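Here the structure of chain A is known, so what remains is to put chain B in place on it, guided by the hints.
Spelled out, the chains give:
Number of protein chains: 2
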Amino acid sequence: MPAQYDIVIVGAGIMGVASAYHLKKNNPGIKVLVVERYGAAGQGNTGRSNAMFRNTFSSSDNQILSNSSIDFYTHVQEELKVDIGLQKIGYEWLMNEKQLSRSEPFLEGMEKNGVEITRHGKDDLRRLLPSMVTEFGSSSEAALMELPSVDGGVFGPKCGRLDPDKLVRFYAGEFIKAGGEFAFNTEARALVVGPSKRLGIEGEPLVWQDFKVEGVSARGAIDGIIRAETIVLAGGAWENELLEPIGIECHAKSKKRQLFSIQAEGRKLEGLLRSDGFNPQGLLPLVILPKSGVHFKPVSEENAFWVACEDEVNRPFIDLPEHDLDRYTAERKYYERSVYPILVSYFPEFKDSRVKAMWAGLYSYNTIDNLPFVFREKNLIVVGGDSGSGIMKGDSLGRVVNSLYREEGETTLYGGIPYRTSKLSFERRDVEREEWVI
Amino acid sequence: MPAQYDIVIVGAGIMGVASAYHLKKNNPGIKVLVVERYGAAGQGNTGRSNAMFRNTFSSSDNQILSNSSIDFYTHVQEELKVDIGLQKIGYEWLMNEKQLSRSEPFLEGMEKNGVEITRHGKDDLRRLLPSMVTEFGSSSEAALMELPSVDGGVFGPKCGRLDPDKLVRFYAGEFIKAGGEFAFNTEARALVVGPSKRLGIEGEPLVWQDFKVEGVSARGAIDGIIRAETIVLAGGAWENELLEPIGIECHAKSKKRQLFSIQAEGRKLEGLLRSDGFNPQGLLPLVILPKSGVHFKPVSEENAFWVACEDEVNRPFIDLPEHDLDRYTAERKYYERSVYPILVSYFPEFKDSRVKAMWAGLYSYNTIDNLPFVFREKNLIVVGGDSGSGIMKGDSLGRVVNSLYREEGETTLYGGIPYRTSKLSFERRDVEREEWVI
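Protein chains in written order, with this note's numbering: chain A, 1 to 438; chain B, 1 to 438.
Isolated chain A (complex conformation) (with noise of 0.2 Å):
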């Protein structure tokens, strides 16, 4: 039978583990279980993830958020050295003329807010980037697919890569040996919803009883309605399923993404992965070219590029019922028509390269701001719509849950910064829009 716990979460990705940590190490004294549809914890879409990281965000709520959480993943590898895979390679941004002035506004809100970045001239990408293209002249093919000129660029040196998969153990060993329980192999089917005071009439919650959600109604290896006094539900981009049919709005919508990964294979294209100038590591950062959001980060132990798309157009929110990730197969014709024409045409070295592995995870977006949210329902507390940035995120909102957990109006991040536990909230949301989106 299952037990009566103070705390059930919802979900071991990111969200869940770092809400576990967070919740287990400010309340010792309470019972927390973590129920999981996958055998271990971060086999869902954080695992599926590019794993970057950034801080150069428009939004200042973002700023805060990421720049505290890579503070926190800093501190785990450099002085608990734990290590979780935490290269700061940055991102460089490429953009023509006319991106750059519509992004010099944020880029100056990003300086005035002590975000760090570095302006590359024309002069400075010819010297890091030699091989590439910056201007097409009369190619056809670069005009039908309107491809704009590199003007400059913007890098920033704060940002990065880790591995999700060392990040998620580090948090869920943590929690374990705190006395926390993890139950493997169980699905969260439906949230239970009861009246506050149960009066034997059938039907209850009726119209006009208070009511706040029991428990987790759960299948697999714990079977049946786990119940708890509160509930934490991280379970990314299905939380859906579990809110819409009580009727609650997360204002979070998921989509495909895929990642395909490129073997740099030849002198060419290992020169490209061993750019130099950029890091300490002497690796290319993650580039962003200037058209539908392209953009490709070397895997130097693979000896590979993984190479993503912005993917907005024409493709569709998923289908709540269809939870199985394997459904989410990666296309390897949207990378030879959408993607490759791209890419080949900024960095020619990827001629005739050649596709290793390809696989599709879900984006959870954030509809109304692209930033993520953490809200409290009666007893019951959602985190997510993170938007495909909630592992550089992860650590602050865990910290925000507890709060939120704890009642406290202010949740303080890693490094001592201060933050408005309601600012994520819908009823009382007060935060800045993001802008500079991926």
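Calculated from the structure, these hints are not laboratory results.
Treat identical chains as interchangeable: a pair holds within one or across any two.
Below, a list of computed lysine to aspartate or glutamate pairs in the EDC-like style, where the Cα atoms sit at most 16 Å apart: (1) Lys351 to Glu336; (2) Lys378 to Glu312; (3) Lys158 to Asp71; (4) Lys197 to Asp210; (5) Lys212 to Glu312; (6) Lys212 to Glu377; (7) Lys256 to Glu244; (8) Lys333 to Glu204; (9) Lys81 to Glu174; (10) Lys197 to Glu141; (11) Lys255 to Glu331; (12) Lys212 to Asp6; (13) Lys197 to Glu229; (14) Lys31 to Glu229; (15) Lys333 to Glu202.
Predicted model, so just to flag it, every value in this text is computed and none were measured.
Leaving out everything else, chain B in the frame of chain A:
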């Protein structure tokens, strides 16, 4: 073979026919088709609604949109001499002290904007509604249900009811007279997206191509793709079904709402129905009780009351694929357990009254601010999210649709009222959130 149209409108509910009317009237040369799943206009949720109207909103946007529409409907009935069943019987909100004082800022806002309201004190109410229970003393049932006392009321004289079928028939008839076309028994299955400039490449539109909505894929009386320069989506509760597959968010979700028709049998109930002192018709107004939004209106021609309830608690957002309205049936037990106990506590004459009919429809909630939206994405115009008050704003929204089509920054509402066309969009949304919800 389906022809090419200038405009195809999806949906012949109030939004669709009001849009059709204003588009055709203001652009007489264009070819406009309205596609409708049912066999006639207004047979979906428009025909199943309570069809009440009010201008008493807290949001100045809602005040303007509804006030102007009510004036137009009054003009139709009184000056054009088309009977649309319009009766200004008024709304009477009953409240306790706490609710009254919470409402005061909204009421003052209404008065400031010229919205007529009358405050009723306890003595007024005793005179107007002598049978009403206003205090529950030591009743344990009232305590269990936490029923507020009635300490006062607010009356809106420019509120009332109309006949939605007759209103829809007016718009549809004028549209046909002007040369507009309907395709009934024709279901819009999908919006067809294509590239702005077709290149003949497989899989268009690719990520780097501009795209537009080429038409509507239909099934039924018309089978195939109906092409148009502009598509107007006025699908009410079903809009998400067409928007999600092309990845467009409209911030609307749907919930079932129910209506119960109670026979006014016996002297007491008939007396309540014909409560004098509120309106020239000598009828009870729509009465809103101070608990759970339970409200009822007189339907004198049926010698009945229609009873409804604010229906948010634990009520699921609907499953999009279930678009057969007949699946959404009214629940007798819901009335008996949730609605009736409240109703009979305030108006004991309902004791042992008989439900003679009941039905259900779908509310399309705008989950951001409870206000409707009218927005344009490429050549697609979307109108909806009326949150249960579409009929009372339908005329104004049809005019905004026309202005968006004509790319006019300012819409002239009935009565010469100017309204900024972009206010109801999402990109440049600029509306006061509605707080005065039933």
